[in-house]
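Just so you know, the protein sequences line up as chains A and B, in that order.
Residue 54 in my numbering sits at position 54 of the first sequence, and the numbers go up by one each step.
Residue 65 in my numbering sits at position 65 of the second sequence, and the numbers go up by one each step.
Since the hints were made in silico from the structure, they are not lab data.
Some hints could be false.
Unchecked claim - Once the Cα atoms are required to be at most 30 Å apart in a straight line, the calculated DSSO-like pairs of lysine-lysine come out as:
no., chain 1, residue 1, chain 2, residue 2
1, B, Lys24, A, Lys80
2, A, Lys286, A, Lys459
3, A, Lys325, A, Lys338
4, A, Lys256, B, Lys24
5, B, Lys90, A, Lys459
6, B, Lys24, A, Lys23
7, A, Lys325, A, Lys286
8, A, Lys459, A, Lys448
9, A, Lys448, B, Lys24
10, B, Lys90, A, Lys256
11, B, Lys24, A, Lys338
12, A, Lys286, A, Lys80
13, B, Lys24, A, Lys286
14, A, Lys459, B, Lys24
15, A, Lys23, B, Lys90
16, A, Lys325, B, Lys90
17, A, Lys256, A, Lys23
To be verified - Footprint (simulated), chain B over chain A, 3 or more residues, beta carbon under 8 Å:
no., stretch
18, 88-102
19, 153-167
Predicted, not measured: the structure shown is a model, and the values here were computed from it.
Glycine residues also receive a C-beta, built at the ideal position from the N, C-alpha and C atoms.
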Amino acid sequence: MNPDTLLQLVYLLSATLFVFGLKRLGSPATARQGNRMAALAMLIAIVATLVEQEILNWQLIALGIILGSLAGAIAARTVKMTDMPQMVGIFNGLGGGASGVVAAAEFFRLGGGDLGVEAGITILLSTLIGTVTLSGSFIAFGKLQRFISGAPLTFPFSRTLNAVLFAAILVIAAMQVTGEATVTMYLVLTGLALLLGILLVTPIGGADMPVVISLLNSYSGLAASAAGFVLGNMILIISGALVGAAGLILTNLMCKAMNRSLANVAFGAFGAADSTGGRITPGEGKTVRDVDAEQAAMVLAYAQSVIVVPGYGLAVAQAQHDIRKLSDLLQERGVTVKFAIHPVAGRMPGHMNVLLAEADVPYTQLFDLDEINDEFSTTDVALIVGANDVVNPDARDPSSVIAGMPILDVDRARNVIVMKRSLSPGFAGIDNPLFYLDRTMMFFGDAKGSMVDLVRETKEV
Amino acid sequence: MGELMIGLYVFVLAVMVGFEVITKVPPTLHTPLMSGANAISGIAVIGALVVAAQAGETTGQVLGVAAIVMAMVNVVGGFMVTDRMLEMFKPGQKK
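Using the sequences and the hints, build the whole thing.
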């Protein structure tokens, strides 16, 4: 058999394994196996490529593989689960960037000049998507890691600037495809694409990061596909398309969970509302029922059913383990404990589930919004820890800023305990009427300390 | 039919397969799914290997190796961290 045919057959096998791997990633029981299947597919494709290529300088290639693998392995072993979004952000950027660099290498190999329409379009498209993914991901990383402000950074005419930038990129690309392509023009195009990636992500606020990370994930796949078109390589096209589709689905889910359109997220409407809307004084003229750890523990211990609603505040305070202890204690007393996870409870899709899994909360105890919302009305206590906007009943009021946002119906539970530092508003910047309901008990304090107290008091009940 | 056109067919069909396969993933698995998919996008390493292998001059070699390093971080880091997460997911057993 001719070596290329063999290579193509191996790629086909690898593509099939990717599909099966992704399929298995869709169910908790088979997910680990699915991930390993995809890793095996990758290994097969890499080995086959190395065997088939006539390699001019194998030392350099080996060095690249070893360096990259080491860095990746160290990062994967040491990263904290709370930092997962940043990690995925960086990986997205590197994957997308690699595709862009592949296109650049191809450009320099052809040496510019008359590229022709086909090579011209594919190389420039791949460069554009890869570069935007690279710089956009690094800004997202910086925001999540708090190297740069998580607040949306906007300035006048920023949208116009982006549009101009994008138009300039298109014009340069068109000139390169139709006429002579020069190295200078190529570098200018790359620079502009880098800038575009930065400007697209800076106006987006920290709370919208789940959407951005999902979208960049999709881009990194599309970048790989584009590089596949450059090299005429089917395994790149297929794998990239699979990832592109996965990223789009998650982006769409996140947008729905926040009741916003993608355009709305991209142009930072929440951020704008924040700066123009008047300052609110939460709790003014309203009364709240304040409880301490002992009282809260009593209510929980004598309940029959408890639904815990964890928010990102819980993760920030690193109180996941304490909440698991509380849940175990209550279950030993015969209380049914469930966790209700809002889709945007973390900083990326499904983040809260991972954090609770790390604290040994079994996934069979975790329920998403649609599964559990009907159960609140028959539940004794809803315990809310570090969440705010996602339990704001105002979302049912058509005149509210967050009107229509899917919320957890905690206000329908018989009792509500809210563990929170203060009455201050969440990302949406609005007051939460839940705090002033007769059935609501506010247990003020930082999530970690309060949770430790609550566990101790529950033991003593 | 040219190579570009065949590629386009493959691309569109693969996107549809992706939608079909991934739509029903429960929210619990969204993060591992994303990081696993993310590792798959490191498939760019194949492209990087091809350009690095063929590169005769310095520019091509530097770009090729840079792309290999970036993509390998993505591949190895992505699959390993996904495995680390999935290891933690356990079904509950009745106590």
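So, going through the hints one by one against the coordinates:
no. : hint                 : result
1   : B/Lys24 to A/Lys80   : 28 Å, holds
2   : A/Lys286 to A/Lys459 : 33 Å, violated
3   : A/Lys325 to A/Lys338 : 13 Å, holds
4   : A/Lys256 to B/Lys24  : 16 Å, holds
5   : B/Lys90 to A/Lys459  : 26 Å, holds
6   : B/Lys24 to A/Lys23   : 9 Å, holds
7   : A/Lys325 to A/Lys286 : 34 Å, violated
8   : A/Lys459 to A/Lys448 : 17 Å, holds
9   : A/Lys448 to B/Lys24  : 35 Å, violated
10  : B/Lys90 to A/Lys256  : 28 Å, holds
11  : B/Lys24 to A/Lys338  : 22 Å, holds
12  : A/Lys286 to A/Lys80  : 40 Å, violated
13  : B/Lys24 to A/Lys286  : 44 Å, violated
14  : A/Lys459 to B/Lys24  : 40 Å, violated
15  : A/Lys23 to B/Lys90   : 19 Å, holds
16  : A/Lys325 to B/Lys90  : 16 Å, holds
17  : A/Lys256 to A/Lys23  : 23 Å, holds
18  : 88-102               : holds (count 11)
19  : 153-167              : violated (count 0)
When held up to the earlier numbered hints, the structure conflicts with 2, 7, 9, 12, 13, 14 and 19 and fits the remainder.
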